[in-house]
Amino acid sequence: MNINVIMIGLVVGAANYIFRYFPLRFGRASRQKSVAGGWTARILDGIGIASICSLLVVSSVPGVIRDSEKLLPTLVGFAVLTICFYRTRSIVLSTLAGALSFGLVYKFFITIIFT
Amino acid sequence: MDSRRARSTPRPERATASLREGVYDSLPIVIGYLPVAFAFGLNAVKLGFTPLESLFISCIIYAGASQFVITTLLSAGISLWVAALTVMAMDMRHLLYGPTLRHRIVGKLSKGKTALWAFGLTDEVFAAAIAKLTKENRRWSENWMIGIAACSWISWVIGTAVGALCGNGALAAYPAVEAALSFMLPALFLSFLLAAFQRRQSLVLALSLAGSLAGLLLLSIPMAILAGIGGGCLGALIRTGVDRQAATDPERR
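One line per chain: the protein sequences are A and B, in this order. Numbering-wise (numbering that gives the first Met the number 0), the first sequence opens with residue 0 and increments by one. Numbering-wise (numbering that gives the first Met the number 0), the second sequence opens with residue 0 and increments by one.
Just so you know, these hints were derived from the structure itself, not from any lab. This structure is a prediction, so every number in the text was calculated from the model and none was measured. Among the clues, some could well be false.
What the hints assert, rightly or not - Among the chain B residues that face chain A by a calculated CB cut under 8 Å, a handful are:
#1 R101
#2 F125
#3 A126
#4 A178
#5 L189
#6 V203
No residue lacks a Cβ here, since even glycine has one placed at the ideal position from N, Cα and C.
Isolated chain B (complex conformation) (with noise of 0.2 Å):
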């Protein structure tokens, strides 16, 4: 009875994501870029880059896969614009996530704020994002965002200077231990999935995965994400065109 009276009185409105929250969110993501960076660190030294030139390729570019793209490229004697050109090419998709956010995000960003998480936003901190956003769109907080943006990056430098340094076999002899972190990114993905879809967002999502499928068994990863992107949209606009012609037609009001 008590239950059910607590239940039904309304929830107080929760005070905004701190600093500290973003930071324990983050932990899921830390996980995943240790592995992952230090891979990136150990190519990088195995293609003849220093280990400080890692580093730096680590700090302020800041991208995955475009660094193992860089470090390939320039390694197999590349022209350093080809190269660049190549990496930009690969990371346009970012200039999707800022209006995605911003769409979602109410109220007024902070310049200071804004400009220091927005250099944290790779894929994983703006699917953390979206899925917080979508749960609790009112506790978001620029606070939040540099927690999970800092802990992140700073993940990302400590594992591809350990990769950079200790080189290979730290892990070959725990072979569950090195799978399951393998495993890390895909199951961040899918959590992030889970707590930022809707029922209604359905189309989206199977023409998102038909394309990002076909994208990658034919053309490449980076084609693969926009391929997704690119289908996603195309199952928003039907999804629209379908709920303004049944908000029109007569006979199915």
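Okay, chain A solo, but in the shape it has when bound (with noise of 0.2 Å):
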């Protein structure tokens, strides 16, 4: 194995980990009183919902831009999932069934493009 390729993952490897255990490690824990108020919890809390919409945001739209034929079946994925996940509650069940009828959907539209 090239040692330029160990000594990469090792220091990325380690620098990952402190980025991952020490703000966890030493951060300051619950405190049911300042969640509604403070304005520290409220960023944080804040954070949580902005890190998922951002990672939602780069995950699916890249690939749409790219790709413009993945719009549609894009949008199906989405609202069956949406749908799905109001009826079941379920976080497995609504990925499974909105990936799935993203597949299905793409399937579809290369079918008509390419016969």
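Mind docking these for me? Both chains are given alone in their own frames, and the hints should help you get the complex.
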């Protein structure tokens, strides 16, 4: 194995672990009274939902921009997922249903385009 | 009548989520990780890394986008330290995950268990934890986290190994399956968003969406994530200011 790969693996791996572990280890524990009010509490509350929202954008939008025929399957996938989530409240089922719908609509699209 | 009575009686508090529940809840992450890790293994071998090296990177760095960047930079002849610093800058957002989770976790954390699941605190595992803490705060447990983090890591490593050893073409004959797998991560994030969202966070969501879209169109993917988080924080600050003003304004009260 190349020594450069080992070096970068160890350095970046250690840095990632420090980024993930130390804020948890030395972060301030939950104080139920502060949850509703304080500035810090509100920002920390906001970071959670904002991170997920940003990750949703960066995981879905570039694919649609690159490949415009994925727009309709993406919209259908998201719609099925949302309906399924509000009916079942299950993350596992709704994610699988959304992905399956995306795949089926995409396949249907490919069939139309290539025939 | 009976069902109405049953609805009115308070539900007994359920026990904390177990390791087994964590394993089950990791299922969408596992299905989402396998094709992405497969693509990483494939890409790394194409760029000249050995299967063992790509597996080593997946095992020890365990951060999707960063791994793609590292292999691309190293194969392009960029210096080791420039590559390392670039990737570390990309992963700085993980610094925010710990305090955000800690703020919601009720009770003490075990040193040993936290050290274990913190290694697997990727974007997807963080999103799963936030969704769990928002929906069922009291049921969140470190065993559940270990279950979800361990299965996700194992699937990432297996996906890399298969990609590095088998090469391309396995799913070429099944475009629908390939497409469905590529949609697993966006689907997963939307599910987590629906599970974690509360109406009072509408402004946070709107500004985060605007920030990440602007970051994506004008800058880059890592910057889009930071811009989205920044937008969300701004939304949280505005909302707090408005709430405080409403609380102190005698006319509104």
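Interface hint compliance - A178 (chain B) to chain A, C-beta minimum distance less than 8 Å: 4 Å, holds
Regarding the hint that A126 (chain B) lies at the interface with chain A, is the smallest CB-CB distance below 8 Å? 5 Å, holds
Report holds or violated for the interface hint on F125 (chain B), using the least CB-CB distance to chain A and a cut-off of 8 Å. Check passed: Cβ of F125 (chain B) comes within 7 Å of chain A, closer than 8 Å.
V203 (chain B) as chain A interface residue, shortest Cβ-Cβ below 8 Å: 4 Å, holds
Please check whether R101 (chain B) passes as an interface residue: C-beta within 8 Å of a C-beta belonging to chain A. 4 Å, holds
Close enough to count: is the Cβ of L189 (chain B) nearer than 8 Å to one in chain A? 6 Å, holds
Hint violations for this structure: none, all hints satisfied.
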